[in-house]
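Quick note, the sequences are listed as chains A and B, same order.
Numbering follows our numbering, with no gaps: position 34 of the first sequence is 34.
Count along the second sequence starting at 1, add 275, and that's the number in our numbering.
Do not rely on the hints blindly, as some may be mistaken.
Unchecked claim - Okay, derived cross-link-like pairs now, BS3-like style, lysine-lysine, Cα gap no bigger than 30 Å in a straight line: (1) A:K181 with B:K393; (2) A:K181 with B:K554; (3) A:K181 with B:K439.
Claimed, not checked - Using C-beta positions, here's what the derived DEER-type ranges look like: (4) B:S421 with A:M246: 52 to 60 Å; (5) A:V78 with B:R510: 40 to 48 Å; (6) B:T375 with A:F171: 22 to 30 Å; (7) B:R510 with A:I167: 44 to 52 Å; (8) A:P77 with B:R510: 29 to 37 Å.
Calculated directly from the structure, the hints in this document are not laboratory data.
Since the model is a prediction, treat every value here as computed from it, not as a measurement.
Ideal placement from N, C-alpha and C gives every residue a C-beta, glycine not left out.
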Amino acid sequence: MELTKNITLGVYLPGTSIIHHLDPRTKIIAAMVLIVLLLFSRSYTTYSLIFLFTAIIVLFSGIPPGYVVRGLKPMLPVLVIMWIFQLFLFKTPDTTILFEWWILEATEAGLHMANLITLRVLFLFTVTTLLTLTTSVVNLTDGLESLLKPLRMIGLPSQELVMTLVIALRFVLILAEELEKIVKAQMARGVAFDQGNFIQKTKKLFPVFLPLFIGAFKRAEELIVAMESRSYTGGKGRTKMKTLQMSRADLAAAVVIVTYSIILIYVIVTVEPVI
Amino acid sequence: MPIEVINLNHSYKEGTPFEQQVLFDINISINDGEFIGIIGPTRAGKTTLAQHFNALHIPRRGKVIIDGFDTTDKQTDLVSIRHQVGYVFQNPDYQLFAPTVGEDIAFGPVNQKLPAEKIKERVQEAMTQVGLDYNTLLNRDVFALSGGQKRRAAIAGVLACRPKVLVLDDVTAGLDPRGREEILNVIGELHHREKITIIFISNSMDEAASLAERIIVINQGKVIMDDATRKVFARFEELNSIGLELPEAMVLIEKLRLAGFNLPTGVLNVNEALNSIIKVLLEMEAHK
């Protein structure tokens, strides 16, 4: 019984790799560039390139590839459902029909769309996971805050937003740990979570979520008190103990990202999209 | 319901970069009707070990055999094992989730699919066993209970499944002295009257020393002592060296011995200490 084992989102894996040492701002911008490029990718060629580049990043980061892949496992059911929906529901007027099932028909366009969307979600998740795996929470906060600073002028409470985001990320693991304890307590009194059909299994989850939510609210309240008792009043007037500093490695990373982006944009423009 | 632990090893987050082994080659056998104290510093692996006793953890290396059933065997009915080996968790908040006390205590018997009147009977009995008043507290909101009452409700919820073995994971933590004593009395009663095997995990040496007949000391995932309570506490230098405090009564007697009083070693609880001090005082009186 270990629920936290497969959660990689929001987890930081301390390390000494070149990727770990990059300025968080470099990493955040790089991740954003990769995500934007992903959204424009509509051919298998571009996805192969994206896969190659992601694999290189994983290699350089020193994170065991198996661990990254394992993080994708909890998403599998969602991805499968999404794939099936796209396969049957997406259609273009001139597409060929692959096969029919009941009142549904799977088309070639649907198949491509299903594949592309699945790939897109997979890489979106991998890229964000890589960012958090190689960046500590403190660095991530500082980086995001620094990047959002210009938006303060138009009244965006950047510091508060970042704080909220970081807390949310933290709660993913905390809630999973809490869930594990509750599930165990109920298993100890004879609930068999792995038995029964889909509906029976879902039904068994209701008594789990009630204490989970109550616990989450309690925790949030405690956190508020803890922050206020240390005089947290929001972003105004806060100073930093460590200031961020770009290094030569960041310059190199920037060159790599720009080169890669140019190649990818070229491929996106020239290679015919499959759909 | 004997429990046999054979060469048990356990790691958390196995196969990830965060992998950490918490139990190393544990061998324990627990017999019917024993009152066993499991002590050890925090993070020694006490809870992890205890959660193997009711198949909440299934061993990947080693075996746990409960009443002849191997928990790693796919054929073993784990649900039935969990009903027979009750587990009371460290924090009652994780355990209590139904809106009312009665519904929460009924949760186990309901899962056992017992008829309604049987369930009612079990709830009533469990509440009486832990000293919760059936008439006033049955429909009370769980969150309106005091700390001590919550613990008792949590224990009642487990007792309602009629376990033959009861694992209690640090159930007195965070209670005031009175709440503590009440819970300890309930546990003592269960052992003496109902003959339930008790596995009592504790951070309090005083509690372990005064209740348990046998003590298992765990440090850094290994069993370092497993013997009768008196024999374990006789090795107080070793216990001290792994950061365990001694029972207060024992500390007092040791200090008095150092000061030159002729007191026996191996005093475990306040009553024994009191008796031996009175004896010495009477002897001194007689000499005068």
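- Given the hint of 44 to 52 Å, check if R510 (chain B) and I167 (chain A) actually sit that far apart at their C-beta atoms. 47 Å, holds
- Query: Per the hint of 29 to 37 Å, is the separation of the Cβ atoms of P77 (chain A) and R510 (chain B) within bounds?
  - Reply: 53 Å, violated
- Message: Within 52 to 60 Å: is that where the Cβ-Cβ distance between S421 (chain B) and M246 (chain A) falls?
- Response: 57 Å, holds
- Quick one: are T375 (chain B) and F171 (chain A) within 22 to 30 Å, going by C-beta? For T375 (chain B) and F171 (chain A) the Cβ distance comes to about 29 Å; the hint holds.
- Message: Just to be careful, I want the Cα atoms of K181 (chain A) and K439 (chain B) compared with a cutoff of 30 Å; is the pair within it?
- Response: 23 Å, holds
- Query: Does the Cβ-Cβ separation between V78 (chain A) and R510 (chain B) fall within 40 to 48 Å?
  - Reply: 55 Å, violated
- Message: Does K554 (chain B) sit within 30 Å of K181 (chain A), going by the straight-line distance between their CA atoms?
- Response: Violated - the C-alpha atoms of K554 (chain B) and K181 (chain A) are around 50 Å apart, more than 30 Å.
- Query: Given the hinted pair K181 (chain A) and K393 (chain B), is their alpha-carbon gap at most 30 Å?
  - Reply: Between K181 (chain A) and K393 (chain B) the Cα gap is close to 29 Å, so the pair holds against 30 Å.
Consistency with the previously given hints fails for numbers 2, 5 and 8, ordered from lowest to highest.
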